[in-house]
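*Asks:* Sequence:
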Amino acid sequence: MNSIVPVTPPRDSTLRKARALTLGSLAVTVLTSLIMPGIGVLREPRPLWVVLGVVGTVAFAATQAGALYATVTPWLSETARRRLLIAFGVVSVCTLVLLAPVGGPRWETWAWVGGSIAGSLPMLKLGRVPAVGVAAAVFTAAVVLADRPLTALVIAVSVASAVVAMSVVHLWFWDMLLDARKGRAAQARLAATEERLRFARDVHDVLGHDLSVIALKAELAARLAPGDSAASAREAAEVQQLATKALANMREAVHGYRAVDLAEQLTAIAEVLHSSGVRCTVTRPDGDLAQGTAAVFAAVLREASTNVLRHSQATWCTIDVTREGTEVRMTVSNDGARDAGPDRHSGGLTGLADRLAEAGGRLRTSRDDGVFTVDAVVRA
Numbered sequence: 000m001n002s003i004v005p006v007t008p009p010r011d012s013t014l015r016k017a018r019a020l021t022l023g024s025l026a027v028t029v030l031t032s033l034i035m036p037g038i039g040v041l042r043e044p045r046p047l048w049v050v051l052g053v054v055g056t057v058a059f060a061a062t063q064a065g066a067l068y069a070t071v072t073p074w075l076s077e078t079a080r081r082r083l084l085i086a087f088g089v090v091s092v093c094t095l096v097l098l099a100p101v102g103g104p105r106w107e108t109w110a111w112v113g114g115s116i117a118g119s120l121p122m123l124k125l126g127r128v129p130a131v132g133v134a135a136a137v138f139t140a141a142v143v144l145a146d147r148p149l150t151a152l153v154i155a156v157s158v159a160s161a162v163v164a165m166s167v168v169h170l171w172f173w174d175m176l177l178d179a180r181k182g183r184a185a186q187a188r189l190a191a192t193e194e195r196l197r198f199a200r201d202v203h204d205v206l207g208h209d210l211s212v213i214a215l216k217a218e219l220a221a222r223l224a225p226g227d228s229a230a231s232a233r234e235a236a237e238v239q240q241l242a243t244k245a246l247a248n249m250r251e252a253v254h255g256y257r258a259v260d261l262a263e264q265l266t267a268i269a270e271v272l273h274s275s276g277v278r279c280t281v282t283r284p285d286g287d288l289a290q291g292t293a294a295v296f297a298a299v300l301r302e303a304s305t306n307v308l309r310h311s312q313a314t315w316c317t318i319d320v321t322r323e324g325t326e327v328r329m330t331v332s333n334d335g336a337r338d339a340g341p342d343r344h345s346g347g348l349t350g351l352a353d354r355l356a357e358a359g360g361r362l363r364t365s366r367d368d369g370v371f372t373v374d375a376v377v378r379a
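First residue of the sequence shown: 0, per numbering that gives the first Met the number 0; consecutive thereafter.
Fair warning: there could be bad hints in the mix.
Listed next, the in silico SDA-like pairs over lysine to any residue satisfying Cα-Cα at most 25 Å (straight line) [what the hints assert, rightly or not]: (1) K181 to V71; (2) K16 to W315; (3) K181 to R15; (4) K244 to W315; (5) K244 to D287; (6) K216 to K181.
So the derived label-pair ranges between C-beta atoms look like this [stated by the list, open to error]: (7) I34 to D174: 25 to 31 Å; (8) S76 to R250: 45 to 51 Å; (9) E323 to E357: 19 to 25 Å; (10) R45 to A161: 28 to 34 Å; (11) D174 to H273: 20 to 26 Å; (12) R200 to S228: 38 to 44 Å; (13) A356 to L189: 50 to 56 Å; (14) T280 to E77: 41 to 47 Å; (15) D174 to R42: 26 to 32 Å; (16) A26 to E323: 37 to 43 Å; (17) V202 to A356: 48 to 54 Å; (18) K181 to A26: 43 to 49 Å; (19) W74 to F198: 31 to 37 Å; (20) A217 to A179: 53 to 59 Å.
In short, the hints are calculated from the structure, not lab data.
All C-beta atoms, glycine included, are put in the ideal place defined by N, C-alpha and C.
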């Protein structure tokens, strides 16, 4: 049996609707395959076998539904999934035994159920060898045990083929949708990783040269100290100045006060969102913004877009940067309100609000009718 690693339950409405549709189509397939065994039970004149046939048919339908539920529920634990499949297997065998005498020798009630069992195996994803083995056992039983071997075999094969034909397309689309969601999550992780690598490169560029010069100057001061204390003191003073400059550069890198091309970042964020399956519309400001304003908005943009990628299931996002008198406003909205939230590894929206307050601006967030909005305002 193939092992399945549990994943997070679906949080967006599209995935929930697709899963409900898949389960509904499978339920219709199961119920349809039980119509003929039900007719066999109704044809049975003996009350005891009628009761046993009803019990067997209902138990089979319930456990088959549970097994199919486990197949379309990838976040279900492996233990629960195994129990549902085992229950289906045990009840299937018992049902075949209970229905064998039901309906008379001319109806082959059990063959209809046997075909439904064989047709369900590909949906349960048990693996090729177990599925083929069980299907072969069912078809062999149809030939060996039935009063009319050819008729029973035709019934079992026909029902199995019909069940597979009615269900395989829905399961295929469901698997494709899950793969697409996994690909989107992988893209979000890749975007976050690329951002960390970009920041690491920036830190290296900022500090690499300064630290190398500091190391050389410190080494030179140490060599000059025994014979030329004045020169050594000058070198030490330069080391202090370089260290101060390096610290200032580091602070600028961490807080984003270096030159920021907001237009370039807007384009990059839009491309990342588009590649992750999020429709993105960007409204750019008229003219260039001051570096301080651009740096603050770049931080807001990174945080808001990261939330869209990692903490929501948004399908669209709008980014508007506009001038309103003496103020510049950035508004980032998306339809992932239920799941949007700050990155636990970053300062989050609270940290951004504090930063905008220091710059004389303000940050507000809202959730309204499924839309999450980040609104940042800074004086121009």
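*Asks:* Range first: 26 to 32 Å. Now tell me if the beta carbons of D174 and R42 are that far apart.
*Replies:* Since D174 and R42 have Cβ atoms about 39 Å apart, the given range 26 to 32 Å is violated.
*Asks:* Given the hinted pair K181 and V71, is their Cα-Cα distance within 25 Å?
*Replies:* Distance ~15 Å between K181 and V71 Cα, so the pair holds.
*Asks:* Are S76 and R250 spaced within 45 to 51 Å by their CB atoms?
*Replies:* With a Cβ separation near 48 Å, S76 and R250 satisfy 45 to 51 Å, so the hint holds.
*Asks:* Please work out if K216 and K181 have their alpha carbons no farther apart than 25 Å.
*Replies:* violated (52 Å)
*Asks:* For the hint 53 to 59 Å, verify it against the beta carbon of A217 and that of A179.
*Replies:* For A217 and A179 the Cβ distance comes to about 55 Å; the hint holds.
*Asks:* For the pair R45 and A161, does the Cβ-Cβ distance stay inside 28 to 34 Å?
*Replies:* Between R45 and A161, where Cβ atoms are some 29 Å apart, the hint holds.
*Asks:* When you take the CB atoms of V202 and A356, is the distance between them in 48 to 54 Å?
*Replies:* Since the Cβ atoms of V202 and A356 sit about 26 Å apart, the hinted range of 48 to 54 Å is violated.
*Asks:* Would you mind confirming whether the straight-line C-alpha gap from K244 to W315 stays at or under 25 Å?
*Replies:* violated (43 Å)
*Asks:* Range hint 43 to 49 Å: satisfied by the CB atoms of K181 and A26?
*Replies:* violated (26 Å)
*Asks:* Taking 37 to 43 Å as the hint, is the beta-carbon distance of A26 and E323 inside that range?
*Replies:* violated (55 Å)
*Asks:* Would you say the C-beta atoms of I34 and D174 sit inside 25 to 31 Å of each other?
*Replies:* holds (28 Å)
*Asks:* Take the C-beta atom of T280 and the C-beta atom of E77, compute their distance, and say whether it sits inside 41 to 47 Å.
*Replies:* Because 43 Å falls inside the window, the suggested range holds.
Consistency with the previously given hints fails for numbers 4, 5, 6, 13, 15, 16, 17 and 18, ordered from lowest to highest.
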